[in-house]
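Visitor: Starting from the known structure of chain A, fit chain B onto it as the hints suggest.
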Amino acid sequence: MIASEWLYVMDDRNGNSNSGLHRVGQVPGAEISAMKKLLNRLLAFRGPMLIGIALTGFAFAVLLPGFQLAGRLDDTTAALRLVSEQRRQADVVAAALGALRDRLDSFGYVDEPLNEVRNSMAELDSLERTLNAATDLGGRFAVSASRPIRSSPELAADLVTFQATWQRLRLGLVPVVAFQGVPYADSEASGVQLNEGGRLLVQESRKAIVVARRDGAQMSAALGQIAAALEAQSTQLSAFLRLLMLVAFGGTLAVGASLTYYALARRRQALLLAEARLQTEGILQTVKEGLFLLDSKGHIGAAHSASMRRLFKRDPVAGLSLQELLAPIVPDRTLRTALRFVEILWSERTKENLVRSINPLQEVEVSFETGSGGQETRWLEFDFHRVRNDGKLSNLLVSVNDVTPRVRLGRELAELREKAQSQVDTLLGVLQVNPEQLRSFLADADTAMRMINAMLREPAKEEASLRGKLEAIFRQMHGIKGEASALGLTTVQSRAHEFEDALKALREQSSVSGGDFLTLAVRLDDLFSHLESLGDLVERFAQPVQAAAAPGDTGRGLFIVGAPRAVVDPGRAASGLIDTLDQLLQRVAGDRGKSARLVTNGLEVVPEPYRRAVKDIAVQAIRNSVVHGIEIPELRRIGGKAAAGTLTVQFCDEGAAGYRLIIEDDGAGLSLRRIREAAVERGILCAEDAARLDSKQLLPLLFRAGFSTHAVADEDAGRGVGMSLVAEIVKDLNGRLGISSGEGRYTRLSVVLPSLQRVQSVAVA
Amino acid sequence: MLKETEVRTFLDGAVHYFEVSARQPVAVGVPYLVTTGAPPVNDFTGVIAVSGKRKGVICFTAPRSMLMVLLMRMNESDTSEENMRDLVGEVANTISGNARRDFGRDFCISVPSIVASSAGPLSLPTEMRPVVIPLNWRTHSARLIVCLS
Numbered sequence: 001m002i003a004s005e006w007l008y009v010m011d012d013r014n015g016n017s018n019s020g021l022h023r024v025g026q027v028p029g030a031e032i033s034a035m036k037k038l039l040n041r042l043l044a045f046r047g048p049m050l051i052g053i054a055l056t057g058f059a060f061a062v063l064l065p066g067f068q069l070a071g072r073l074d075d076t077t078a079a080l081r082l083v084s085e086q087r088r089q090a091d092v093v094a095a096a097l098g099a100l101r102d103r104l105d106s107f108g109y110v111d112e113p114l115n116e117v118r119n120s121m122a123e124l125d126s127l128e129r130t131l132n133a134a135t136d137l138g139g140r141f142a143v144s145a146s147r148p149i150r151s152s153p154e155l156a157a158d159l160v161t162f163q164a165t166w167q168r169l170r171l172g173l174v175p176v177v178a179f180q181g182v183p184y185a186d187s188e189a190s191g192v193q194l195n196e197g198g199r200l201l202v203q204e205s206r207k208a209i210v211v212a213r214r215d216g217a218q219m220s221a222a223l224g225q226i227a228a229a230l231e232a233q234s235t236q237l238s239a240f241l242r243l244l245m246l247v248a249f250g251g252t253l254a255v256g257a258s259l260t261y262y263a264l265a266r267r268r269q270a271l272l273l274a275e276a277r278l279q280t281e282g283i284l285q286t287v288k289e290g291l292f293l294l295d296s297k298g299h300i301g302a303a304h305s306a307s308m309r310r311l312f313k314r315d316p317v318a319g320l321s322l323q324e325l326l327a328p329i330v331p332d333r334t335l336r337t338a339l340r341f342v343e344i345l346w347s348e349r350t351k352e353n354l355v356r357s358i359n360p361l362q363e364v365e366v367s368f369e370t371g372s373g374g375q376e377t378r379w380l381e382f383d384f385h386r387v388r389n390d391g392k393l394s395n396l397l398v399s400v401n402d403v404t405p406r407v408r409l410g411r412e413l414a415e416l417r418e419k420a421q422s423q424v425d426t427l428l429g430v431l432q433v434n435p436e437q438l439r440s441f442l443a444d445a446d447t448a449m450r451m452i453n454a455m456l457r458e459p460a461k462e463e464a465s466l467r468g469k470l471e472a473i474f475r476q477m478h479g480i481k482g483e484a485s486a487l488g489l490t491t492v493q494s495r496a497h498e499f500e501d502a503l504k505a506l507r508e509q510s511s512v513s514g515g516d517f518l519t520l521a522v523r524l525d526d527l528f529s530h531l532e533s534l535g536d537l538v539e540r541f542a543q544p545v546q547a548a549a550a551p552g553d554t555g556r557g558l559f560i561v562g563a564p565r566a567v568v569d570p571g572r573a574a575s576g577l578i579d580t581l582d583q584l585l586q587r588v589a590g591d592r593g594k595s596a597r598l599v600t601n602g603l604e605v606v607p608e609p610y611r612r613a614v615k616d617i618a619v620q621a622i623r624n625s626v627v628h629g630i631e632i633p634e635l636r637r638i639g640g641k642a643a644a645g646t647l648t649v650q651f652c653d654e655g656a657a658g659y660r661l662i663i664e665d666d667g668a669g670l671s672l673r674r675i676r677e678a679a680v681e682r683g684i685l686c687a688e689d690a691a692r693l694d695s696k697q698l699l700p701l702l703f704r705a706g707f708s709t710h711a712v713a714d715e716d717a718g719r720g721v722g723m724s725l726v727a728e729i730v731k732d733l734n735g736r737l738g739i740s741s742g743e744g745r746y747t748r749l750s751v752v753l754p755s756l757q758r759v760q761s762v763a764v765a
Numbered sequence: 001m002l003k004e005t006e007v008r009t010f011l012d013g014a015v016h017y018f019e020v021s022a023r024q025p026v027a028v029g030v031p032y033l034v035t036t037g038a039p040p041v042n043d044f045t046g047v048i049a050v051s052g053k054r055k056g057v058i059c060f061t062a063p064r065s066m067l068m069v070l071l072m073r074m075n076e077s078d079t080s081e082e083n084m085r086d087l088v089g090e091v092a093n094t095i096s097g098n099a100r101r102d103f104g105r106d107f108c109i110s111v112p113s114i115v116a117s118s119a120g121p122l123s124l125p126t127e128m129r130p131v132v133i134p135l136n137w138r139t140h141s142a143r144l145i146v147c148l149s
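In order, the protein sequences belong to chains A and B. Going letter by letter, the first sequence gives residues 1 to 765 in the working numbering. Going letter by letter, the second sequence gives residues 1 to 149 in the working numbering.
Bear in mind the hints are in silico, worked out from the structure with no lab data behind them. A hint or two may mislead.
Restricting the straight-line Cα-Cα distance to at most 30 Å, the calculated cross-link-like pairs of lysine-lysine (DSS-like) are [as the list claims (entries may be wrong)]:
{"no.": "1", "chain 1": "A", "residue 1": "K461", "chain 2": "A", "residue 2": "K288"}
{"no.": "2", "chain 1": "B", "residue 1": "K53", "chain 2": "A", "residue 2": "K419"}
{"no.": "3", "chain 1": "B", "residue 1": "K53", "chain 2": "A", "residue 2": "K313"}
{"no.": "4", "chain 1": "A", "residue 1": "K288", "chain 2": "B", "residue 2": "K3"}
{"no.": "5", "chain 1": "A", "residue 1": "K297", "chain 2": "A", "residue 2": "K351"}
{"no.": "6", "chain 1": "A", "residue 1": "K641", "chain 2": "B", "residue 2": "K53"}
{"no.": "7", "chain 1": "A", "residue 1": "K313", "chain 2": "A", "residue 2": "K288"}
{"no.": "8", "chain 1": "B", "residue 1": "K3", "chain 2": "B", "residue 2": "K53"}
{"no.": "9", "chain 1": "B", "residue 1": "K3", "chain 2": "A", "residue 2": "K504"}
{"no.": "10", "chain 1": "A", "residue 1": "K419", "chain 2": "B", "residue 2": "K55"}
{"no.": "11", "chain 1": "B", "residue 1": "K3", "chain 2": "A", "residue 2": "K461"}
Chain A on its own, in the form it takes in the complex (with noise of 0.2 Å):
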């Protein structure tokens, strides 16, 4: 949401500026997006147009026929004063032809009159060549005096008498004002009289007092019309100029308020994208996550979250290319990865949705140095969407949201959930298990450990001395691996058959050196870190048990592991000893679809110093027995046996000549067939000499360690060492060792160890 608000935002506010985002390679298309951004941009001002056209159109329809009108008002007026001002001008000449009869007849001075004559004439002439519109006088009203007139038929109507009347006006008084000089003469005789010209000047001007009467009304009248027709075209023009001129004032009204408008709503949009803006910095300075547009060429934009600087810990970021922001940060693999990825985003013709359910970026591990030679590494998130713009892809929006605490605790969580499950595990397996029995393990299997560490410690060079170490450890391992497997302790089982795996690998190789040994102290450290881990699960639920548990009480499930070695008596140790060896053997028999029961006698006489090599012995003794002698229940009933084999333990104290351990089951017996081909396989022995061997000679072989007739190993059998470990037991106690066979019928190991007052005295000694 957040996002497509500021797509918006960033939008608008970038406007036509994202003119320089559209792909190389379209040039075509160019020209065309081009003229379609000159028309957006136009159609962006339209609001300012559409009011210039507005004034334009008012000024045309209402201002310039105003403009004429007011002119056409004027000249009317014009010529209206000038009607009205020379109408006068025929009374005028009537009282100055009077003025002039009168001085004539008293012989007075005559050129007063004459001039008044004379000025009215050029008056009257200066009018009719005026309302002629005569081209040649120079003015506005000369160019347009004569249009009111000309224009309505009733006033050139009234011109035509007007100019008639004058012209005949002024034939009449042209011979008076022809006249110059003075009109009297004076002599003794007759005192003044008239003279010639005086005469004649009062007949002409007689006749001009006629016409004067008769024409000078006529055009007084006209003239009066011609006042009379521009006035009424004066008053229509006025009230249409008016009505024009409100007409104006309603338009002007309507442009105003249609710009107060436009100017509103500018100022309205303007603000909004000022909160818009607004908002769009709040969100970029606020968010947490990155956000920054991608352009065609991989660039940044110049607009993006303040969280760009403090995710990939530069400024600035806007104008950086995709590779320079991840470069310093991400390994190589996944820089080109993600620019592939970004590559995908660009075309067109993949769906966005399945590209982006492939994002490659959706949980990347970055690295900042820290300054101080260390490194920071955190996770980022990256998500991109397409951005298009007049429905083509113009940018990425790329998302980035720091995972780090998330990813930190899935990884919590999975190896908790590892380590719970593991611990279930042992947990399970340690609750089948006679506390005492896992006590002693425990115990056991750390000294075991302990000692093949110590073998590894041992300063070592020579290949001989080297393989010798490979030799013990496995005895070591064989043991602690005997042991969980009785006791049911599969983890433990698991990484001691790991442990021996490697330690054949080893034996298997032409040459061994030191650092060889490493994948065994690694493995080592982990049976550690199992055990210890083994031992504190138990102990954690030792101690509310054992709190509850009564004296004596060694039910399964019951963890006293804490109990002193020293305080375990015989019969306890004998029952916790029983019940491993049963339990190995149900093991060991059920995993191979076989049935075995176990029958012990005497080992609660088994004494303190023989009773882990005894427990080792027979561990040993019963996987191999069930694993090679007891058979499957239909091979059983078929020689005519129970399904159920049966395995002997059987230890007694036989005084000075020692203890006596006899471990007899009544399977198939020994294959001295299997033996010699076993042999064989092994190079221990040539075909000939194999074949030529007996018994007693062949039977020494399955001491002899990698010695094995199992052509496969297991966690039980097949390495060759489960007998080599008891010979080597023996051979320890100072012992001895020995194998008899019915085929068929059963297999009997018999271990003698010296009395233990011997033992003593051979050490004192």
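Guide: Only chain B this time, still in chain A's reference frame:
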């Protein structure tokens, strides 16, 4: 918990240094764990702290006698203590450089610091079990100690 590939990367760094700088390969001894107490250190120890995906310490520790011969082997006549410390730091740097190359940004490895044995036993995280890898060169023996969780 130790991982063999990681330990081997650090070991390769140390081995590489001897092959290139001393022009004489080092014989890697049998690695073992330190189950109790502090790991054994020689006269000078270069310590690199590791953080990020894994946490812990990598140390290269060598006796004075070995460092002196190494310096001479590198035609360096100045066998002062200062130069020996520099040499130990250089080995540690090579080890960390090798690790950076192999692990990329998974490991955040600090600049080495040099500690003399006179400063007391090396103090490593107690919850970890360091693996010690003897590095035998001529008659001398150095150690690479990897302690990672």
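Visitor: For each hint, tell me whether it holds in the structure or not.
Guide: The hints, checked one at a time:
1. K461/A to K288/A: Violated. K461/A to K288/A sits at ~60 Å, over the 30 Å cutoff.
2. K53/B to K419/A: 18 Å, holds
3. K53/B to K313/A: The given pair, whose Cα atoms are some 21 Å apart, holds under the 30 Å limit.
4. K288/A to K3/B: Violated, at roughly 38 Å.
5. K297/A to K351/A: 20 Å, holds
6. K641/A to K53/B: 61 Å, violated
7. K313/A to K288/A: With a Cα-Cα distance of about 14 Å, the restraint between K313/A and K288/A holds, given a limit of 30 Å.
8. K3/B to K53/B: OK: K3/B and K53/B at ~13 Å, within 30 Å.
9. K3/B to K504/A: Answer holds: K3/B to K504/A is near 20 Å, not above 30 Å.
10. K419/A to K55/B: 18 Å, holds
11. K3/B to K461/A: 24 Å, holds
When held up to the earlier numbered hints, the structure conflicts with 1, 4, 6 and fits the remainder.
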